[in-house]
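Asks: If you want the building blocks of each chain, they are given just below.
2 protein chains.
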Amino acid sequence: MAAYKDLTKEQLLELKAELTAKYKEYQGMDLSLNMARGKPSVDQLNLSMGMMDVLSSDCDLTCDDGTDCRNYGVLDGIAEAKELLADMMEVAPANVIIYGNSSLNVMYDTISRSVTHGVMGSTPWCKLDKVKFLCPVPGYDRHFAITEYFGIEMINIPMTSEGPDMDLIEKLVAEDESIKGIWCVPKYSNPQGISYSDQTVRRMARLEPAAPDFRIYWDNAYCVHHLYDDRQDHLIEILAECKRAGNPDLVYKFASTSKISFPGSGIAAIATSLNNLEDIKKQLTHQTIGHDKVNQLRHVRYFGDIHGMVEHMRRHADILRPKFEMVEDTLERELGGLEIGSWTNPCGGYFISFDSLPGCAKKIVARCKKAGVVMTGAGATYPYGKDPQDSNIRIAPSYPPLNDLKLAAEIFALSVKLCSVEYYLENN
Amino acid sequence: MAAYKDLTKEQLLELKAELTAKYKEYQGMDLSLNMARGKPSVDQLNLSMGMMDVLSSDCDLTCDDGTDCRNYGVLDGIAEAKELLADMMEVAPANVIIYGNSSLNVMYDTISRSVTHGVMGSTPWCKLDKVKFLCPVPGYDRHFAITEYFGIEMINIPMTSEGPDMDLIEKLVAEDESIKGIWCVPKYSNPQGISYSDQTVRRMARLEPAAPDFRIYWDNAYCVHHLYDDRQDHLIEILAECKRAGNPDLVYKFASTSKISFPGSGIAAIATSLNNLEDIKKQLTHQTIGHDKVNQLRHVRYFGDIHGMVEHMRRHADILRPKFEMVEDTLERELGGLEIGSWTNPCGGYFISFDSLPGCAKKIVARCKKAGVVMTGAGATYPYGKDPQDSNIRIAPSYPPLNDLKLAAEIFALSVKLCSVEYYLENN
Chain G
59 MAAYKDLTKE QLLELKAELT AKYKEYQGMD LSLNMARGKP SVDQLNLSMG MMDVLSSDCD
119 LTCDDGTDCR NYGVLDGIAE AKELLADMME VAPANVIIYG NSSLNVMYDT ISRSVTHGVM
179 GSTPWCKLDK VKFLCPVPGY DRHFAITEYF GIEMINIPMT SEGPDMDLIE KLVAEDESIK
239 GIWCVPKYSN PQGISYSDQT VRRMARLEPA APDFRIYWDN AYCVHHLYDD RQDHLIEILA
299 ECKRAGNPDL VYKFASTSKI SFPGSGIAAI ATSLNNLEDI KKQLTHQTIG HDKVNQLRHV
359 RYFGDIHGMV EHMRRHADIL RPKFEMVEDT LERELGGLEI GSWTNPCGGY FISFDSLPGC
419 AKKIVARCKK AGVVMTGAGA TYPYGKDPQD SNIRIAPSYP PLNDLKLAAE IFALSVKLCS
479 VEYYLENN
Chain X
59 MAAYKDLTKE QLLELKAELT AKYKEYQGMD LSLNMARGKP SVDQLNLSMG MMDVLSSDCD
119 LTCDDGTDCR NYGVLDGIAE AKELLADMME VAPANVIIYG NSSLNVMYDT ISRSVTHGVM
179 GSTPWCKLDK VKFLCPVPGY DRHFAITEYF GIEMINIPMT SEGPDMDLIE KLVAEDESIK
239 GIWCVPKYSN PQGISYSDQT VRRMARLEPA APDFRIYWDN AYCVHHLYDD RQDHLIEILA
299 ECKRAGNPDL VYKFASTSKI SFPGSGIAAI ATSLNNLEDI KKQLTHQTIG HDKVNQLRHV
359 RYFGDIHGMV EHMRRHADIL RPKFEMVEDT LERELGGLEI GSWTNPCGGY FISFDSLPGC
419 AKKIVARCKK AGVVMTGAGA TYPYGKDPQD SNIRIAPSYP PLNDLKLAAE IFALSVKLCS
479 VEYYLENN
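If you're matching them up, the sequences are chains G and X in order. Taken in order, the first sequence gives residues 59 to 486; the numbers are from my numbering. Taken in order, the second sequence gives residues 59 to 486; the numbers are from my numbering.
Treat the hints with care, as some may be off.
A pair counts as met if it fits within one copy or between any two copies, since identical chains are not told apart.
Claimed, not checked - Distance condition first, Cα-Cα at most 20 Å in a straight line; then the derived EDC-like pairs of lysine to aspartate or glutamate:
#1 K339 to E206
#2 K340 to D199
#3 K63 to D363
#4 K185 to E211
#5 K340 to E206
In case anyone wonders, no lab produced these hints; they're calculated from the structure.
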């Protein structure tokens, strides 16, 4: 099939009629499919059911150091959990605080603390006229929601195939003291599945921000979330790189087991320098006596160690991989050569990113919805929900069963085609 | 024995020698006992070990409404957990949000949200020159720590046997718009074990604060924590009373299962009006996707319903009651009639409050420590750690085994006597 841009008006009209007929067929099927959120599927949840068996009333719920996990105490997490998550995060246990069930919550609290109390003695952000964050785009909607909620101005930073545009970032942070942070999903980024290149990580660690309370918010959400055994992205570890660069306090690293064990019932963590940890603990000690140590112990007993976790993630990959491939194959088969969209083929993470012709994303998502396929709202991958090109759509293949996903991907591709035909009918 | 105040100097000196000899005997025992914190004992923790068995890999972790507790979602808690905690908190499930593992964390977040975003559209407290809280004293040190951390000025409100001094509270909140809240532990208060009288609750619900964003922080930490079957304090339910009084939005009520199941691995909740809930959820949706639903389900399956919880609390009481009685009997036997201190005899909660002669509390606690008995720091029960009389000491009988507790109570009483003898030697 020829590229749509080369079709005549008559060809486009004929094509439109054909596609519309097909679309109506799908509509007649009264479907209810969802590719909106990065939710693990039921098959994936079933992988972790053994978590429910590792602790029982016969078990001793005591840590190696004698801590009774059933009682109050231990602000920063049990030693065993620190070791497991430190291995997962590629840092030393001493650099880790184990939190509750959600890294999003940790990120929110980190921003909130900076707003009310500043960072290591800096002026609390609520006392400043203006606070800004850099937001690589497309990015994660919940990051943007937190910064927007706190009235922090967000500045779009274009993503490249190597990560965010470092030239721009270096320039902005050096000249503007009101820029206090940058949101990063450095590995298998949300939504593009891009992993930052070595050069990008090195330049990140060497930023020279005007603001001493600038921090990199390094959300390593997909640190062990590979799809393939033989194609795995590897990041330079950012804490170590910052230390080598003489900027040991520059980064907060976040992670959780949400997509490893159970979302909502996992454990989350922050890893950062000892100076930052001290600053954080000053606040944390007022917020809680300690997080759920029994659940920490449950995770440690279930996974055993990082090798156990890695093997567990291979089983997740076995379920996820065919889904990603199904979507990618469908897009290639249906849209290849038409020049009406491009998409990523990530080897990890939870998303495929699709870019349509300009001004088409909202229409495509609306069209999908009318045929029973819910996508992430167009615009959601940009701060304030405003995609300046109206072209980016996040595809989340994880949740639906493979057969549903096949249908959903076909309907998505069909919607792209229909909207693209209309685009050329209007714009040629 | 005569009251110390009536002893002659010679009698006091003789007594001092005798007490000192006894004190040295205890010191020689090289003890390490702790009556500092309201921690459940190992026996109490063992009561809840069945919690570890209710969920297994054979179980369906689905709620009645079809929610899979293993996946993301449900911001405000599963319906079953809302029902259980609503029954515990004596409110309707619709008025409840289930949180994570700690009500302290919920209270912290409530203050933090008010600081950054205000209350129902009010000016964020961080934008105000002055914010004040009323603090019934003696009270809970962790409450005071939160308000101090946020730079909120604390005003002492004396406790009476019916609760805090309502005349003073009514006057202050009516005339000072910078007063934004009051900390209350209304049932079996920390540390006195006092429950607010009907009249106190009624007057609380009818406060007419100058500040529209004034709220009562009603920490019902010991709502089902009775020591006796036949002597149980009962509070007028504050949400209902506020509604009847025409002040439906006046109160936030907090509770958790920390001292019911496992501290640190329980579930916490807030109960408040629908208006307040709406305001809270606007924030919560940015902070988390949802709390630990598997643990919510675990609690529901274990307790079954509120009756199951009440029966469970009777088993806690069977362990706690002899400890409270041991301390009270020791104090009565050792200190009765000496007029050197008074103490409470609560029928619930986790603490006994002791008031020494003025200026003696710090010395008594220090003396206990030198004989191997750790008490809550003197002053901790007051804002800023400053007990103006230096007389209040919180006794926490729950954690040590009964034999240890016996020794600890004796050493405490002995320390009181020694410090009191010295007081009269210095002051007569």
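Asks: Each hint should be assessed against the structure and marked as holding or not.
Replies: Hint-by-hint comparison with the structure:
1. K339 to E206: Between. Shortest inter-copy distance 16 Å satisfies the 20 Å Cα cut-off; intra-copy 25 Å does not.
2. K340 to D199: between (29 Å within a copy, 16 Å between copies)
3. K63 to D363: neither (54 Å within a copy, 65 Å between copies)
4. K185 to E211: So K185 and E211 pass the 20 Å test inside a copy (15 Å) and across (18 Å) alike.
5. K340 to E206: between (26 Å within a copy, 13 Å between copies)
In this structure, only the earlier hint numbered 3 is contradicted, and the remaining ones agree with it.
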